[in-house]
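Hey, can you work out the whole structure from these sequences and the hints?
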Amino acid sequence: MRPWLPCILVLCCSGCGAETGQEPVSIPLHVAGSGGTSIVLDNDVELQVLRADLAFGPLYLCSGPEAGDFCETARAEWLDSVVIDLLDSSPARVGRIRGSTGTVRSWMYDLGISSLLTETSPTALDAAQALGNASLLVEALAERDGAELSLTLRVVVDQAPEGEWGVPVVRRSRSDEFDHEIRADEQGLLVRFDAAPWFRGLDLAPYFEELDCGDDAPCRGELVIDAPGPLYNHLRLALEAGARPVFDWGFSP
Amino acid sequence: MQLTCINLDLPLARIQKSAVSMPSTPQTPPIRNTKQAARGQHDRALGRSCHCAIAGCCTFVCCCLFTSALGAAPDVGAPVADESTEASGKQEAPAGSEREREGEAPTQDPAGAAPTPQLTPPRVTHRVDAVYPPDLERSGQAGRVELDVTVSTEGRVVGVDVALSAGAEFDTAAIAAVRGWRFEPAVRDGVQVASRIRVPFEFTPPAPASETLPSGTQESPSPQAPSSKVEHESPTPPATQAQTPEADGHAQDAVDVVVHGRREPRTEHRSASDFRIGRDVIDAAPRTEGAEALRAAPGLYIGRSEGLAVAHRYMLRGFDADHGQDIEFRVGGLPINLPAHIHGQGYADLGFLIGETVAELEVSEGVSDPRQGDFAVAGSIDISLGVEGERRGVTVKSSYGAFDTTRHLALWAPVLEAEETLGAVSVLQTNGFGENRAGQQGSGVFQQRFGEGDQTYRAIGIVHATRSDHAGVLRRDDVDDARVCFHCVYDQATARAQNASSGRLLAGIFSDTTYGDRDNSTLGMWIGVDNFRLQSNYTGFVEHSRTLSGVAGRGDLIEQRNRTLSAGVTARYRSPRYRPAHWAHGTLEVGADGRIDDIEQAQNLIEAGRNETWDQRVDATVLGIDLGVWGDLDWVLTKYAHARLGLRADVLSYEVDDRLGNFVELSRPPGSFIQGFRRSALGLAWGPRTSVEVHPTEWLSLLAAYGEGYRSPQARQLEDGERAPYTKVRSGDVGAHVDWDEIVHLAAAGYYTQLSDDVAFDAAEGRLERIGATRRVGAVFHAYTKPLPWVTGALSVTYAHATLLEPPPATAEEPQPPFKEGQALPFVPPIVVRADAGAKRALATVRGQPLGTRVGSGLSYLSPRPLPYGNNSEPVTVLDVAAGVWWGPAELSFELFNLLDARYAAVEYNFASDWDPNDDVRPRTPARHIAAGAPFSWMLSLGVTL
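First to last, the protein sequences are chains A and B. The first sequence begins at 1 in the working numbering and counts up by one. The second sequence begins at 1001 in the working numbering and counts up by one.
Since the hints were derived computationally from the structure, they do not count as laboratory data. Nothing here was measured: the structure is a model prediction, and the numbers come from that model. Note that beta-carbon positions come from the ideal geometry of N, C-alpha and C, so glycine has one too. Any given hint could turn out to be false.
Claimed, not checked - Each pair of labels, with its calculated beta carbon distance range: (1) B:S1549 - A:P218: 45 to 55 Å; (2) A:E23 - B:S1549: 34 to 44 Å; (3) B:S1653 - A:D185: 52 to 62 Å; (4) A:V40 - B:S1549: 54 to 64 Å; (5) B:L1523 - A:T103: 52 to 62 Å; (6) A:F178 - B:L1805: 29 to 39 Å; (7) A:A241 - B:L1805: 36 to 46 Å; (8) A:D185 - B:S1549: 41 to 51 Å.
Shown next, in the form of structure tokens:
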């Protein structure tokens, strides 16, 4: 081999580490609730939330402004599911988001129940199974004028058969601000849910009015909601399109 | 070893540029061309003439006959004879004696005692025209080369030594020609023996086309010229033209063995990145299949990822050419690329190539030649078919190797016909390495040159059918986690149902005409039928039906079907030379080619096993017409400079019947409109093709070239009325070629290529998608050496810095494509290295048969390739070696492929997939996927050539 040939090879090799556009990243993911337990609803109903567990995951972060079918290829993702205690405001690390550097402009996630392309009915992931195949499990005590209503709400948020099968249900809407440049040195992401806005619109007045409250007997009732109806539909809609979680980039515990 | 020297008449091989020197001998009609000469010899051999084919020739030389009965080995490298013997022969044997005409060599009795055995010298039965060295055209040199040629008992040329040199160029041309000669072997006492003879070649330069031949010469006028394919003239000093038969003193004997000088139809190098890869390099390293001969082309890498029935993937000089989109391929003049193919624009399947029939690769990297048409983006490769003399005859070869691979070859190459005339059939069957890779294929290649004189024809036919399973791709994380082994396939039915089948028929006929051997033309017509069907699953389970509602995904087994019926014509004419000044002359070539393609294509999603179609993606008919015209001025400006100025224009027209057009997924009630969208588009692409070549010295050429080319669009993606939606290619090239006595040839070039709109493979759709404007800047180095006649080596190093200039336009489906300005282009290896080395030599004679051996090796290296989404692939290093022995007509060879058993990916991608849909949610981030390259394997072959 001629002496200058190695020089050429060395020069050539200098181009091997060319910029390829994005770098792979792995970002710690934390989740948290809001911490509040007492909520005042309409019609002077005070709601004391005893338990509020939300199944969360998987989560996809997408490069385009619209997720859903337009997010065939995501920028980053977390494919697990976890039960979030909405009453606990302390962040809990649940895993790592894996993907690549670059801009993310939208997100989408499921609440523990996913529609798999190979199945004709939704599939409950581990987190939802822990909640009895539900996305949200709430136990609360509602009180109005001395009357008490013990509430158990179990809501399923899944993909409707006529919907975009195989696509997560909850997605960023155009009014949601979300634009972030994922860097290679990203510290972490905290997703914080506040359930209070979801509950505020609950209309419990009809249920209180149905209570049989005698003069002497304590006015108490028990209400279990786990099928479509006014309360159920309200909560499902709130979970899908109501108050959004807060994405806190740069979170470091 | 018993040596007996006899006087032997030998032909004077006369090489002329413009005309064949005609003898003054009145008794013998002039031989018009090689074939006629051969026929004459054949007639004489049948007793129609008592005139021996090599009798009555010009010179006596010594012929040393090796007595085969003694089993002695000829000393191939030894001098042919001592000077005294040769001189004696010259003195004692009168030329053209009656005895010689009877075909017997005069006997000699040095001791003057016992009578010597009856010796019959070898007789030429097949001659190959020598080519006047193009590099010497300018100087118009004449020269005489004398070669000592060892002829085996089969009549093959098994050794050549230069006895009298006229310079490296003449020597090489003479050696190249004589190696293709075939003889009727010498006979001693009725026994065929090996022999050594001396063959003189007389090179004379051409007569200037526009000038009157000097009086007194015996040059035949051009209308009488035989089949020399002379395209243009070189300036020739009158003095050198007068190299007549008389001049060597043997004019009366030079009749039967005139060898016609054959000029290449075009100037060889238009840019520093033009390469001719000869059979010696192609033969050096072992190849698992014929198409792997392409690896000898500098900067080119080919690999298979989808089995025998799908075209290779090509990479050349900074281009991931996918299945051929960036390289224009021609085989025997037949265009191979298929426009608007469902599996990739410019799809070019070279699986039909039979390695034993590949004669030469003409590699033109970049765009500098007006003949380069559609898909000549990274360059073009013309593959010529032929079997040189040493290998001509009937060959039967069988091979068996790893993975229960068997291959059988029958090759028919009549010794009396031109090198181009051949027929070959190959059948291959293999279980394939790893799982799901079994395949079978059959190929037939037929070509014949026929006609005589100024008008010859070449007919060619190719037929090919193949089917194979393939393993598709695997996620690298699945391999790393041992969920699937490297050479395996996913266990789902949708993965195991991956397979492909293809078939092709190509036929053409070409007419070559020489008008007084000054101007010339070619007219050709061809037809082709291609059928392709592929079942492939790249992504696992991420697709859903856009046509049917409420249907669960059944696996992304994409079925692609493509059927193309093509026909085309080509024509070119090169004018006589025009000489406006004594220091300048040149020619003009004009040409045109056209083709029409009727393409039926479909893409569906099907469920493995039940073979139910559960989604339709493409159902279309495309009619494409491509008409290209070009002009090319080729000018020699003094002996130092050569300029070429060309222009090419193409009109491309498409009509698309998209039967799924206007399809809106699940959103309109039936009956609102009838599905379908028909559209048409037409556009013009044109650009210059220029080059300048400067020769400061005899051994150095400096070249600069610039050209503008195009790549046609994927027709189905065109909008109605879209104009000129072509990828514009701008290509520049600067470099040098260095020749040192034909021992070393070096080429180095820097290049630049810019595309207005490039494409890259999208695994989700299994096809190419637009990615925006791109640029390649790099350098290529190529070295070829032949330090000994039996040793060949070649090395190429190509560097490419390929970047994206503009991100691809956003679409609804891909609002932010995974590319950004300035990033490295995915899939393109920055460095490609290829080294070929081979040696083939006769060692001894055993039982009257020559015994020889050959060894060879080939090394390919690809540097890590950038992948989309921030990844880089692993480097690829593959070493192949071979060794073989031949004895007489039989050859046994043993070839080892991937000797280091490198575990490498033939191709590597980065995209989202889901191969475990039932246990987990769908991943949507890109993951690295690989298609495994072949592991270590071996092949044992036994062939016989008669």
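We went through each hint and held it up to the structure:
no.	hint	verdict
1	B:S1549 - A:P218: 45 to 55 Å	53 Å, holds
2	A:E23 - B:S1549: 34 to 44 Å	40 Å, holds
3	B:S1653 - A:D185: 52 to 62 Å	54 Å, holds
4	A:V40 - B:S1549: 54 to 64 Å	45 Å, violated
5	B:L1523 - A:T103: 52 to 62 Å	58 Å, holds
6	A:F178 - B:L1805: 29 to 39 Å	30 Å, holds
7	A:A241 - B:L1805: 36 to 46 Å	42 Å, holds
8	A:D185 - B:S1549: 41 to 51 Å	45 Å, holds
Checked against the numbered hints given earlier, the structure breaks only hint 4 and satisfies all the rest.
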